[in-house]
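One line per chain: the protein sequences are A and B, in this order. Take the numbering used here: the final residue in the first sequence is number 286, and no numbers are missing along the way. Take the numbering used here: the final residue in the second sequence is number 493, and no numbers are missing along the way.
Note that these hints are calculated values from the structure, not bench results. Don't take each hint at face value.
[Stated by the list, open to error] Quick partial rundown of chain B residues pointing at chain A, CB under 10 Å, derived from the structure:
(1) E291
(2) L320
(3) P337
(4) P356
(5) A435
(6) N439
(7) L440
(8) M448
(9) L461
(10) Y483
(11) V489
[What the hints assert, rightly or not] Footprint (simulated), chain B over chain A, 3 or more residues, beta carbon under 8 Å:
(12) 69-75
(13) 244-253
(14) 261-269
Ideal placement from N, C-alpha and C gives every residue a C-beta, glycine not left out.
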Amino acid sequence: MTSSITVARVKQKRIAELISHGKRLDERGLNDFREVQLEVGVIERAEGSARVRLGKTEVMVGIKIEIGEPFSDVPNQGVLTVNAELVPLASPKFEPGPPNENAIELARVVDRGIRESKAISTEKLCIIPGKKVFIVFVDLWVLNHDGNLIDASAMAALAALLNTKIFNYEIKDDEIKIKPGYTQLPIVDHPIAVTFAKIDDNFVVDPWLVEEQVMDARFTITIDKDGKICALQKGGYGYFSMEKILEAAKIAQQKAEELRKIVVKG
Amino acid sequence: MRKTHEKLINENSTRLDGRKSNQLRPIKIEVGTLSNADGSAYIEQGKNKILAAVYGPKELHPKHRALPDRALLICRYHMAPFSVQERKSPAPSRREIEISKVIREALEPSVFVEYYPRTSIDIFIEVLQADGGTRCSGITVASLALADAGIPMHDLVSACAAGKVDGQLVLDLNDIEDKEGEADLPLALMPNLNAITLIQMDGDLSINEFEQTLNLAKEGCKQIHALQKDALKAKYAAVKEVVEEK
Chain A
21 MTSSITVARV KQKRIAELIS HGKRLDERGL NDFREVQLEV GVIERAEGSA
71 RVRLGKTEVM VGIKIEIGEP FSDVPNQGVL TVNAELVPLA SPKFEPGPPN
121 ENAIELARVV DRGIRESKAI STEKLCIIPG KKVFIVFVDL WVLNHDGNLI
171 DASAMAALAA LLNTKIFNYE IKDDEIKIKP GYTQLPIVDH PIAVTFAKID
221 DNFVVDPWLV EEQVMDARFT ITIDKDGKIC ALQKGGYGYF SMEKILEAAK
271 IAQQKAEELR KIVVKG
Chain B
248 MRKTHEKLIN ENSTRLDGRK SNQLRPIKIE VGTLSNADGS AYIEQGKNKI
298 LAAVYGPKEL HPKHRALPDR ALLICRYHMA PFSVQERKSP APSRREIEIS
348 KVIREALEPS VFVEYYPRTS IDIFIEVLQA DGGTRCSGIT VASLALADAG
398 IPMHDLVSAC AAGKVDGQLV LDLNDIEDKE GEADLPLALM PNLNAITLIQ
448 MDGDLSINEF EQTLNLAKEG CKQIHALQKD ALKAKYAAVK EVVEEK
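Chain A on its own, in the form it takes in the complex:
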């Protein structure tokens, strides 16, 4: 999708010029995130939920837990499914219909962070090996698009997972009976995504919509709780130099630590 033509050239120039002087149109520093507001447990019907506001960007995540069959190659592990919906009310650019490539990419990048950091201990989600396991459905619901959906969604997903409770059960004669009470979903890592936009030759953290519209490319680094990189994704039509990528990795490490304090309380 080229959206660059919707931003006036003079504004594009202004944004790039400001950034080359270390400033941004919304008065943030190059490595500053917008304010993060987080609420958890906002949907009572869902097993877990969270709503994140990153500046004006707004993403809700609902977690539903169902009992289903495991994959045959990992018979004793629960299943993680991440899906993203760019809800038409969130932007004039979003249209109803099946997920397009942007929604699929968003879901898969968030999925990769959770999966590769092994954030959910999926062995604990096995009920009857080879037959029954818990399936964790993570639905990313974009409610307002003002840029950087990846980081907002990843934060909301983690917050929702940390807030998720699974119903208790017992097995009687090979049948699963639901018991009263809930158990916390076992979360053992806290992946945080940090996205950079490349505008001219500079990187800015957490691009808002106008910056996304004028950027050459974006680069997302997901950092686990040990400060290691667990996922990367490049998007957009531009390219990067090696030096910029390594520089970004170090900034991401630091930013992830700051954001983690907001998402993971206590």
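Position chain B relative to chain A; hints supplied.
Frame of chain A; chain B shown alone:
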């Protein structure tokens, strides 16, 4: 994680397919293999067998998708149902849709798209057999198909993955190393410009390991770049021979 093999790298630091850590799989490239396409190429990289074809620049339908200032790149990465162990449904999966997108974004920086406003350049990548690293082989072969179609380009795009297997950093992971290893980092590079046009990663790397893996993948891309150039030249050498015989 399932472990079908105790070790992916033995005590002589040799990998399951006999390679050293910094060694590419055997690569065979042919340019101009399909007669209907404006440009085409075929690659075998280990057990990967991939065809790429380019049609265009051509008129774009539906017209409202046309861009007033440049060509629209359309890319379809697709796997044949018989390309993997368990039959894959021929309908495009979410994985294929994402890979089509990142490949398009990896190739677009190399093309002078502004030369062909309001047109489309269609790139089709068909994976006939897959053995890990198909997005990289796909980019390598599609870039050659673009060159074969005579489309002006800044540079060829060369792609190669590096990653971590059994705690060691290795180049050009095959399927089992990708699935059972600790990290996989596909990289696409325009080697003459030192410009990275695709970077992805899944796994677990410290910042230090990340830097080393990135450098390893970059060296792989450079080796592949040399093979790409040879394959392009070989096509024209063959054409020259035919012409001179007449």
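We went through each hint and held it up to the structure:
Interface restraint check: B/E291 against chain A, minimum CB-CB distance 27 Å, threshold 10 Å, status violated. With its C-beta approaching chain A no nearer than about 9 Å, B/L320 sits inside the 10 Å limit, and its interface hint holds. A distance limit of 10 Å between C-beta atoms decides the matter here; for B/P337 the minimum to chain A is near 17 Å, and the interface restraint is violated. Satisfaction of the interface hint for B/P356 is found here, the shortest Cβ-Cβ separation to chain A being roughly 5 Å, below the 10 Å cut-off.
The restraint placing B/A435 at the interface with chain A holds, with a minimum CB-CB distance near 9 Å, inside the 10 Å limit. Below 10 Å, beta-carbon pairs count as interface contacts, and B/N439 has none with chain A, the closest being about 12 Å; its hint is therefore violated. Because the smallest distance between the Cβ of B/L440 and any Cβ of chain A comes to about 8 Å, under 10 Å, the interface hint for this residue holds. At its closest, the beta carbon of B/M448 sits 4 Å from a beta carbon of chain A; the interface hint therefore holds under the 10 Å criterion.
At a threshold of 10 Å, the smallest CB-CB gap from B/L461 to chain A is about 7 Å, leaving the interface hint in force. For B/Y483, the interface hint is violated, since its Cβ never comes within 10 Å of a Cβ in chain A; the closest pair sits about 28 Å apart. Contact between B/V489 and chain A, as hinted, is not supported at the beta carbon level, the nearest pair being about 38 Å apart and thus beyond 10 Å. A stretch counts as covered by a chain when three or more of its residues have a beta carbon under 8 Å from one of that chain; for the segment 69-75 of chain A and chain B the count is 0, and the coverage is violated.
Under a criterion of three residues with beta carbons nearer than 8 Å to beta carbons of chain B, the stated coverage of the segment 244-253 of chain A is upheld, 8 such residues being counted. Look at the segment 261-269 of chain A against chain B: 5 of its residues bring a Cβ nearer than 8 Å to a Cβ of that chain, three or more, so the hint holds.
Hints 1, 3, 6, 10, 11 and 12, counting from the list given before, are not met by this structure.
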